[in-house]
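Respectively, the protein sequence lines represent chains A and B. Using our numbering, you'd call the opening residue of the first sequence number 1 and step up by one each time. Using our numbering, you'd call the opening residue of the second sequence number 1 and step up by one each time.
Some hints here could point you the wrong way.
Unchecked claim - Under the rule of at most 30 Å between Cα atoms (straight-line distance), these lysine-lysine pairs were calculated in the DSBU-like manner:
| no. | chain 1 | residue 1 | chain 2 | residue 2 |
| --- | --- | --- | --- | --- |
| 1 | A | K172 | B | K254 |
| 2 | A | K216 | A | K166 |
| 3 | A | K159 | B | K253 |
| 4 | B | K46 | A | K166 |
| 5 | B | K212 | B | K261 |
| 6 | A | K159 | B | K138 |
| 7 | B | K236 | A | K216 |
| 8 | A | K137 | B | K261 |
| 9 | A | K216 | B | K138 |
What the hints assert, rightly or not - A short list of chain B residues far from chain A (calculated; beta carbon distances all over 12 Å):
| no. | residue |
| --- | --- |
| 10 | V131 |
| 11 | T174 |
| 12 | R198 |
| 13 | N203 |
| 14 | H242 |
| 15 | K254 |
These are computed hints drawn from the structure, not numbers from a lab. No residue lacks a Cβ here, since even glycine has one placed at the ideal position from N, Cα and C.
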Amino acid sequence: MSRGWMPYQNNGGTSIALAGKDYAIIAADRRLSVGYSIQTRESSKITKLTDKAVLASCGMQADRHTLHSVLTSRMQMYQLEHGKEMSTHAVSEMLSRTLYYRRFFVYYTFNILAGIDNKGEGFVYSYDAVGSFEAQKHAVNGDGGVLAVPMLDNFVMKKHRQLEDKTKEMTKDEALRLIKNTLNAVVEREITTGDAADIYVITKEGTTHEIFQLRKD
Amino acid sequence: MEAKPLSVDEKAVHDETASFLQDRLEGGFDFGLANRNALLVSQGMKLPKFTKTGTTIAGLVFDKGVVLGADTRATAGPIVAQKNCEKIHYIAPNIYCCGAGTAADTENVTEMISSQLTLMRLNTNTQSRVVMALTRLKRYLFRYMGYVSAALVLGGVDSTGPHLHTVWPHGSTTTLPYVTMGSGSLAAMAVFEKNYTRKENINEEQAMELVKQAILSGIHNDLGSGSNVDLCVITKEKTDFHRNIFKTQIPHKKDYRYEFKRGDTQILKRDVVQFEADDYDKQAWNVAFKQTGKKQQSSKP
Chain A
1 MSRGWMPYQN NGGTSIALAG KDYAIIAADR RLSVGYSIQT RESSKITKLT DKAVLASCGM
61 QADRHTLHSV LTSRMQMYQL EHGKEMSTHA VSEMLSRTLY YRRFFVYYTF NILAGIDNKG
121 EGFVYSYDAV GSFEAQKHAV NGDGGVLAVP MLDNFVMKKH RQLEDKTKEM TKDEALRLIK
181 NTLNAVVERE ITTGDAADIY VITKEGTTHE IFQLRKD
Chain B
1 MEAKPLSVDE KAVHDETASF LQDRLEGGFD FGLANRNALL VSQGMKLPKF TKTGTTIAGL
61 VFDKGVVLGA DTRATAGPIV AQKNCEKIHY IAPNIYCCGA GTAADTENVT EMISSQLTLM
121 RLNTNTQSRV VMALTRLKRY LFRYMGYVSA ALVLGGVDST GPHLHTVWPH GSTTTLPYVT
181 MGSGSLAAMA VFEKNYTRKE NINEEQAMEL VKQAILSGIH NDLGSGSNVD LCVITKEKTD
241 FHRNIFKTQI PHKKDYRYEF KRGDTQILKR DVVQFEADDY DKQAWNVAFK QTGKKQQSSK
301 P
C-alpha cells in the first residue's frame with residue numbers, strides 16, 4: 001500500500017549554453033524548488049572547474065553538490081600530481097567516467113560543460129545522467145530546456161532560415177543578448193525557472209560572471 | 001397481443017440498457033469510458049492535463065463590505081498556460097466569487113449559478129443574497145462528489161450585510177472574516193494572520209492593501225501563482241472591480257526585436273484560389289470592413 005521511498009527529487013531549473021568561435025557562454029537560473037515551494041532564490045547550479053571549463057548541472061541539488069565537490073577535488077589532485085591544470089578534453093572525459101561509475105545509482109544531474117579548448121575555440125559538451133556526451137554548438141537542460149530550444153535553433157543554428165548568412169558567426173555580445181532574452185522567455189512560461197541566473201562568459205582572457213535578475217513570481 | 005416475457009439474459013441486458021439510458025436522460029457525468037481509460041493508462045497512455053489555476057485567492061471582511069483578491073496565472077502542469085487570466089467571477093452585481101482548482105470547473109459553475117440568480121432576480125424583483133449563491137454552489141458540488149474540482153471564495157454585500165464564505169470541492173463551506181484558497185493559500189494566510197484586525201477597525205483602503213499583500217505573498221512564494229493582482233471591493237453602495245491593480249515587473253525587459261524578414265521561410269509552392277462569394281457573404285464582408293461593393297483583391301504574399 002505504501003508508495004515506497006524515492007532517493008531522488010527534482011529541484012527544477014534550466015541551464016543553457018552556447019559556443020562561439022572564441023568564446024562560450026553558459027547560464028543557469030538560481031531558483032531551487034520542491035513541488036510548488038521555493039527553497040531558495042540564490043542557489044547556483046554552476047561551478048568553475050578550471051579557468052577554461054565551467055560546469056552547469058540541473059536536476060537534484062544534493063547530487064549536483066556532491067558531483068561538483070568530487071570533480072573539484074579531482075581537479076586539485078591532478079594539479080598537485082601533474083603540476084598543471086587539466087586540459088578541457090580531459091575534464092570532459094573525467095566527468096563522463098565519474099557519471100558512469102555510478103551507473104546503477106545515478107547522479108540525478110543533467111550536465112553541460114562549456115568553455116574554450118586548448119586551441120582557443122569555444123565548445124559545449126552536453127551529458128545525460130550516466131555520462132554519454134557529445135560536442136554541440138548549443139545545449140539546454142532542465143525543466144525549461146525545451147522552451148529554450150526553438151530560440152537557439154533559430155538564432156544560433158539559423159535552421160530553416162533562407163535569408164540568413166549561415167557562415168556568419170555570432171559575436172559574443174549578440175550571443176549574450178540572446179541568452180538573456182531566451183532566459184526571460186523561459187521564465188515567463190515555466191514555473192520552476194526564475195529569480196535570477198548565473199551567466200558565465202568564457203574567453204581566452206578569462207571568465208566573467210554576472211548575476212542576471214529574472215522574474216520572481 | 002401478449003408481450004413475450006424476456007428470457008433471463010435478455011432481461012439483464014434490457015435492465016442495464018434502461019438504467020444506462022435513464023442516467024443519460026437525467027444528466028450527470030457519464031462514466032462509460034472510465035474502464036477503457038484505466039486500461040489505457042495501465043498500458044502506458046498519459047492522461048491529458050487539465051488547466052488548473054494553481055492560484056492564490058483571498059477574501060476579507062472590512063467595516064463596510066468585503067474585498068476579494070486573486071492572482072492571474074493559469075498552469076497546465078509546470079507550464080504557464082495563461083499569464084493574465086481572470087479568476088474573480090461575476091455572480092451578481094453585489095456578489096463576486098474567486099475560483100481555484102480546475103479552470104473549466106470554476107468558470108462553468110460560477111456562470112451557472114450566476115444565470116440562476118439572474119432568473120431569480122427577474123422573478124422576485126429583489127437583490128440576490130449571498131447565501132443563495134452559497135447554497136446553490138454547495139448543493140451542486142456535493143452532488144458531484146468532488147469530481148467538479150472547484151474551490152471558491154464567495155463574497156458579497158446584501159440587505160443582511162457583508163458576507164464571506166469558502167466552498168470546497170466536495171461541498172462543505174465555511175464562513176469566516178478572512179479566508180484564502182488555492183496552492184498559495186498558506187503564503188496568503190500567513191500575511192493575514194500577521195496583520196488582520198477586527199472588521200470594525202479596518203477601513204476600505206487598509207483592507208485593499210492587506211489583501212493585495214496577501215496575494216503578492218502567494219505570487220512570490222508559490223510557483224502555481226504569479227503575474228498580477230486582481231481586486232474586487234464590494235460595499236452596499238458600489239462594486240469596484242480592479243483588474244490588474246498591481247502588475248509584477250520583468251527586471252530586464254527584452255531589448256532586441258527578433259524578427260523574421262519576408263522570404264526567410266522557404267516557400268515551396270504557391271497556389272492562389274479566388275473565391276466567388278455569394279451575396280450574403282459579400283454583404284457580411286462589406287459590413288464587417290465598411291467597404292463599398294468592390295471585389296476584394298487578394299494581397300500579394
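Tested hints:
1. For the given pair, A/K172 sits about 17 Å from B/K254 by alpha-carbon distance, which is consistent with the 30 Å threshold.
2. Distance restraint check for A/K216 and A/K166: the Cα-Cα separation of roughly 37 Å exceeds the 30 Å cut-off, and the hinted pair is therefore not satisfied.
3. Distance hint between A/K159 and B/K253 is fulfilled; the C-alpha atoms sit about 26 Å from each other, no more than 30 Å.
4. Annotation: proposed proximity of B/K46 to A/K166 is violated, straight-line Cα distance about 40 Å (limit 30 Å).
5. The straight-line distance between the Cα atoms of B/K212 and B/K261 is roughly 44 Å, outside the 30 Å bound, and the hint therefore fails.
6. Between A/K159 and B/K138, the direct Cα distance comes to roughly 55 Å. Violation of the 30 Å bound is thereby established for this hinted pair.
7. Taking the CA atoms of B/K236 and A/K216, the gap is near 37 Å; set against the 30 Å cutoff, the hint is violated.
8. Between A/K137 and B/K261 the CA atoms are separated by roughly 24 Å; this keeps the pair inside 30 Å, and the hint holds.
9. At roughly 36 Å between alpha-carbon atoms, A/K216 and B/K138 are farther apart than 30 Å, so this suggested pair is violated.
10. The non-interface label for B/V131 is consistent with chain A: the shortest C-beta to C-beta separation is roughly 33 Å, beyond 12 Å.
11. With a least CB separation of 23 Å from chain A, B/T174 remains clear of the 12 Å interface cut-off, as annotated.
12. Non-interface status of B/R198 relative to chain A is upheld: no Cβ of that chain comes within 12 Å, the nearest being about 31 Å off.
13. Look at B/N203: its CB is around 29 Å from the nearest CB on chain A, clear of 12 Å, so calling it non-interface holds up.
14. Every C-beta of chain A lies more than 12 Å from that of B/H242, the closest at about 19 Å, which supports listing it as non-interface.
15. Listed as a non-interface residue, B/K254 fails to keep its Cβ farther than 12 Å from every Cβ of chain A; the least gap is roughly 5 Å.
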